[in-house]
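Residue numbers (my numbering), protein chains in the order written: chain H, 121 to 409; chain E, 9 to 383; chain B, 20 to 310.
Source of the hints: derived by calculation from the structure; they are not laboratory data. Some clues are possibly wrong.
[What the hints assert, rightly or not] Only pairs whose alpha carbons sit at most 35 angstroms apart, straight line, appear in this in silico DSBU-like list of lysine-lysine:
1. E:Lys93 with B:Lys196
2. B:Lys196 with E:Lys167
3. E:Lys337 with E:Lys369
[What the hints assert, rightly or not] Calculated Cβ distances over 12 angstroms to all of chain H for the following chain E residues:
4. Asp175
5. Ala207
6. Phe210
7. Lys239
8. Glu266
9. Tyr279
10. Asp355
No experiment lies behind these values; they were computed from the predicted model shown. Even for Gly, the Cβ is constructed at its ideal location relative to N, Cα and C.
Single-letter residue listing:
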Amino acid sequence: MLAIQLAITGLQTGALYALTAVGFSLIFGSTRIFHFAHGAAFVIAAYFFYAAFGAGWGVIPAIGVSAFGAVAFGLLLDRLVYVPIQRHEGSFFTVFVASFGVGIAVQNVIGMIFGRGYVTVNTTLSRSVEVIPEVYVSPLAWIAIACAAVFLGGLGFFLKRTHTGMALRALADNPELVRTFGLNPRAIQAAAFAIGSVIVVPAAIITSATTGLSPAIGHHVMLISLAATIVGGIGSIPGTMLAGVMLGLAESLALLVVDTQWTEAVTFAILFAFIIIRPSGLLGRATAH
Amino acid sequence: MLKSLKITTAVALTALTLPAWAEDHTIGALFPLSGPNAVYGDVFMAGSDLAVEHINADGMLSGTMSIAYEDSQGLPQPAVVGMTKLVNVTGVPYTLSAFTGVSKAISTIGQRSSVVAVNGGGVGPDLAALGEYFWNVIPLVNLEVRAVVPYLTGEMGLKKMVLVYIDDPFGQAIESELETAFEGSDAELAEVLSVPVTAQQFSGVAAKVRSAKPDVVYVASYGAQQIQIVKQLRDNGVDAQIVSYSGYITPDALALPESDGMIVTGQAVDYASEDPVTKRFVTDFKARFDKDPTAYNVNYYNATLLYGLLAAALEKDGTEVTGENLLAKRLEMKTFDLVGGTVSFQDNGTLLSPIEVKQIKGGATETLDTVEIGG
Amino acid sequence: MEAYIYNLVNLIAIYSILAVTLNFIMGYAGIYSLAHAVFFGLGAYTSAFVAQNVSASILVSFPAAMLAAGVVSLALALPALRVRGEYFVAASLGLQVLSVTIYSEWKGFTGGIGGVLAIPPVNILGIDVFRPAAFAILSVTVLVLVLLIVNALVHSSFGRNLRAIRDSESAAASFGKNVPVIKTISVVISAALAALAGALYASYLSFINVESFTLDTSVLVMAMVIIGGTGTVAGPIVGAAILLILPSVISYFDFLPQTEIGSLQQIIYGLGMTLLMIFRPGGIVGRRSGT
């Protein structure tokens, strides 16, 4: 029973990981920008929801505020930081450091405004019910899994069937090709940031009700996103989703064999092993060099 | 030292406010002022600041007393840096400390430089053994565990316990204390689960707790984390009685709906006592903060007042106020009139106090039982 | 006031050693490691352990720290040989997170979150060095030695090989350079010298615990290198000095609430990193405007 319970818990965690990681994977895969501040987008989305919901705005307007915050942050960062750096042909590392700096600043600004402790959005949806004997699932778990299915499915459809989506996929391999189709690579890049940022919103909101928020949570979010992107294979959206779910499951099921404090280490042991043994990841084509 | 010279130089140096020159008394304090445990810092300061106000209002000391606060964040590392500054730069003879990890970390510096550190917040039993310069004005948690286990297994008939504890010196101390308390009894400590200091995701832990089918779950953590543990245990279908210790009694935790019905322990303070120190404290505290004081407020009031009493006695003797002399004076005076009555220290520098077993009901605590603990 | 300045000198010297050694692999070999705090920690724990159980002599505890860090750094060299760029950053992150877990759990060696208490002061020729002023002489001496070693290496043929690898690994290999060996050696040297900072830190504070060796420290040290100037001699020291003096400067502004100083400091250095990357990626000391 414990194994089933942990598997379901892991699935919920994994769904959230997949939703978060896919945004980073999309941005990184298509623009090659090492968007380390993706964790900050998550934090902003979560706290905007927390503030709006706490102010009695109702769920739907609060979701709107949250989505607005995430998208605005992604677009501004692209426009004000990444584009200027790209203009002088910044290396991967220059972009990474700039992004990292933004992440630190956002974490502390949020901390000054909302406090550095944990905050939680109170809802009865986080209260579990017994579905089969001794297995408890909260409504939020179903919501998380449903959100993952809907949003990730939608993203897949968008990337395969729409012009913008196809252009996004082409951007990584051949920016010139994008241009010959009459599309502006810069606009496509902005689209990648908008979509990549907005897709963290469901995960951010669900997290705010289940495990609670702290400004420092962005760090963890980013590490997981990075791990899922690399384990899944850079440039592969399905790979990232798969890896996200897998890492969530591994973290939870690891409790069957190891103590609680080792769960985070499990994720990073998997990451480390992949980089050494199979840098191209689960479904990746690109090589590491 | 020549008094007139001291005064002249003090006036000349007021701009620099170097405490070593003035007759003013400065003591240090290492409290969590930022970070997830900052909520405790406010509670501690409410007590210590009120004591400073009373000491200054009474003219108990020859100069004005003040507290130099350093932010420990409740963590050992920043605390050591802060303590180094207090000892070497500010030059204080006496510091207030809080939190088990912080207290253990700074005790070496205190011992090395003969600076007294007084704890009124950390409750790890190891705090009793940190050397003669480390004092506790709070009963340590081993007393709380000793009081609550018989109550749970006896009066309440809860025989099977699971412990969820934070993996730091405090949590480890509770763990070993509980192991001892259950030894040779008919009740059992079925499982112990440790959680890392930074963890916030406890659904997996909750699943393991549930599968052990306990009658009672002991939660030993602090700050924001303990609230998350309790909430997520309840969210994930753990219905068993939850028990915690004095550190759980904070406004945030009491306000959590999931806390309702929990058993907590804490030192018993007789707020209705007729002695003038207690009366003045309770009256002024209520007037200032518009609420009833908690044990933490009392402890840091007492810790600060204790300095006032010792330093005043030293001044009367014409002895310099140093850490060494404060220690000697405490050993000489033995008993002190503090909030809650006349108290005496054990030889290891720790106060004894009766323990209350309480239940959380509607955001407040109700006393179920008071347990006297022998030395 | 004097004690305060010596205290600051000691911290700057210790962090400068970390920044200089990180700069050695980052600036000259192109190995962007976010796991430098691992070796800082290992040096600190090892020297503390040796000082408590074997001897507090600088001739025993410091070499032991270097040896331990040098050996464990092979775990970082392994991914460095396999992958580059973002993959290596991720690998070093993985190593950093794993190490923090191990440092928290291996209580016999590290004391867990409770840390190692009462570390004896370092002993040089029979004299215990622990007062801030005396310790400042020691820490600055070690910093100068580290600088001399790194500088000598950078200007030797080994340093030229490193730069060749940084610029183009395949070109260096085609010139007959043994790329894996050169990379491995540079990582080992960097880690072993970083362990000296750990050993100094442990004996200076007489208390260490895992909080000093987390990802935040790795990031802080990286920020020191970048803000000062990657691949320059003076850059890492300038960066370390700026980032360590910053909090004291901020605390002079009385109107700022005490509790926000930590946050303000982090905001300033976070934004500082971002702005530097946009306008001056070479850092404060860096000569070039681009990379």
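What are the numbers of the hints the structure violates, in ascending order?
-> Violated hints (numbers, rising): 1, 2, 3, 4, 5, 6, 7, 8; every other hint is consistent with the structure.
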